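Keeping the supplied structure of chain A fixed, place chain B upon it in accordance with the hints.
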Amino acid sequence: MTDTAQTPLWEVFIRPRNGLAHRHCGSLHAADATMALQAARDVYTRREEGQSIWVIPSSEIVASDPNDKETFFDPAGDKIYRHPTFYDIPDDVGHM
Amino acid sequence: MDVANANVDIPNQASLISQLIRLGDDHLVLGHRLSEWCGHAPMLEEDLAMPNIALDLLGQARALYTYAGSLENKGRDEDAIAYNRLEHEYTNLLICERPNGDFAHTMLRQLFFSCFMHQYWQQALSSTDENIAAIAGKAVKESDYHVRHTAQWVIRLGDGTDESAQRSLDAVQQLAPYVNELFETDDIAAACAVNKVLPGPSSIEAGWNVQMSDILEQAKLPMPEYQMGQSGGRQGRHTESMGYLLAELQFLQRSYPNMQW
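Chains A and B, in that order, give the protein sequences. With our numbering applied, the first sequence corresponds to residues 923 to 1018, in that order. With our numbering applied, the second sequence corresponds to residues -10 to 250, in that order.
So that you can see chain A by itself, here it is in the shape it has in the complex (with noise of 0.2 Å):
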């Protein structure tokens, strides 16, 4: 079984409350689609994190390339008027 061909790596994802999103929390080891939901299911939820789960192959996951860091996101480093800080919240709406 530690034949990793047979049993590809998968990425999992838990969603923690109802409301909140699936966040990536770790990946593990299966031979199927099945066995990777329950692995996740053994390995992640131990203690209550999740109400549900999503894993996918990691094979199947398309990555940026490292070498494109300075193309892809050091351009968004000098453009603060995209961040909404720059607006005057009225009292009457309380915390955003």
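Don't read these hints as lab results, they were simulated from the structure. Remember, it's a predicted structure, so these values are computed and weren't measured experimentally. Among the hints, a few may not be true.
DEER-style ranges, computed between Cβ atoms [stated by the list, open to error]:
hint	chain 1	residue 1	chain 2	residue 2	range
1	B	Thr117	A	Val1015	33 to 41 Å
2	A	Thr993	B	Leu33	35 to 43 Å
3	B	Ser191	A	Arg969	37 to 45 Å
4	B	Glu76	A	Arg939	43 to 51 Å
5	A	Thr956	B	Glu214	27 to 35 Å
6	B	Gly90	A	His1017	55 to 63 Å
For each residue, glycine too, the CB sits at the ideal point set by N, CA and C.
Relative to the frame of chain A, chain B by itself:
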């Protein structure tokens, strides 16, 4: 659990206490066996999955022992029942004390037992004893998962590689002699089925066969031929491996009597 108002309307309360301890012993001993895999599982994911099941079984044993002790009313708590008895006083099914064997063997043993217990707890949900119905309410969800998880493994191993198929087939043949004892219904078990306090073990057999043949067919494995089987666990007659199991299980209480932490 509040048992002060327990209204146990059966002919023989001693039978109920005995049967509760039998069930508790099944869960304690099999839980201990499963816990032996901790740190040795074939993959990290199973190294958590099996102790999870073991802890469910221990929890069920605790509830059963606690209720039995309170009915008995002789001051024995769950620990006293779990740890302070001699080998012949344990009345678990022999299948629960069998050595783990390989992973296929452990999964099939768990499937045989959990499939039985899941149907047992389903029936016990409508027990006329509200304490038993409450224990069943928790256990039925846990055992449902045990069946699910072990069935998926048995199917994948049985219908897997040549080696996993052979090991699974060996497991069916090695465990077959220990299946019939699941359904044995002696006077004590029958007394508890009166007024639907606890399910009669024999009433589970047909349902067990239906569910098991469905799973084993998917696993491309034969049904166990179990009609001629080993027996004696309920009377305290154990296999050789039980003494070794108890030596480890009871070590702390034997070395440091009444110790707590």
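List in ascending order the numbers of the hints, as given earlier, that are violated by the structure. As far as the earlier hints go, only 1 is violated by this structure.
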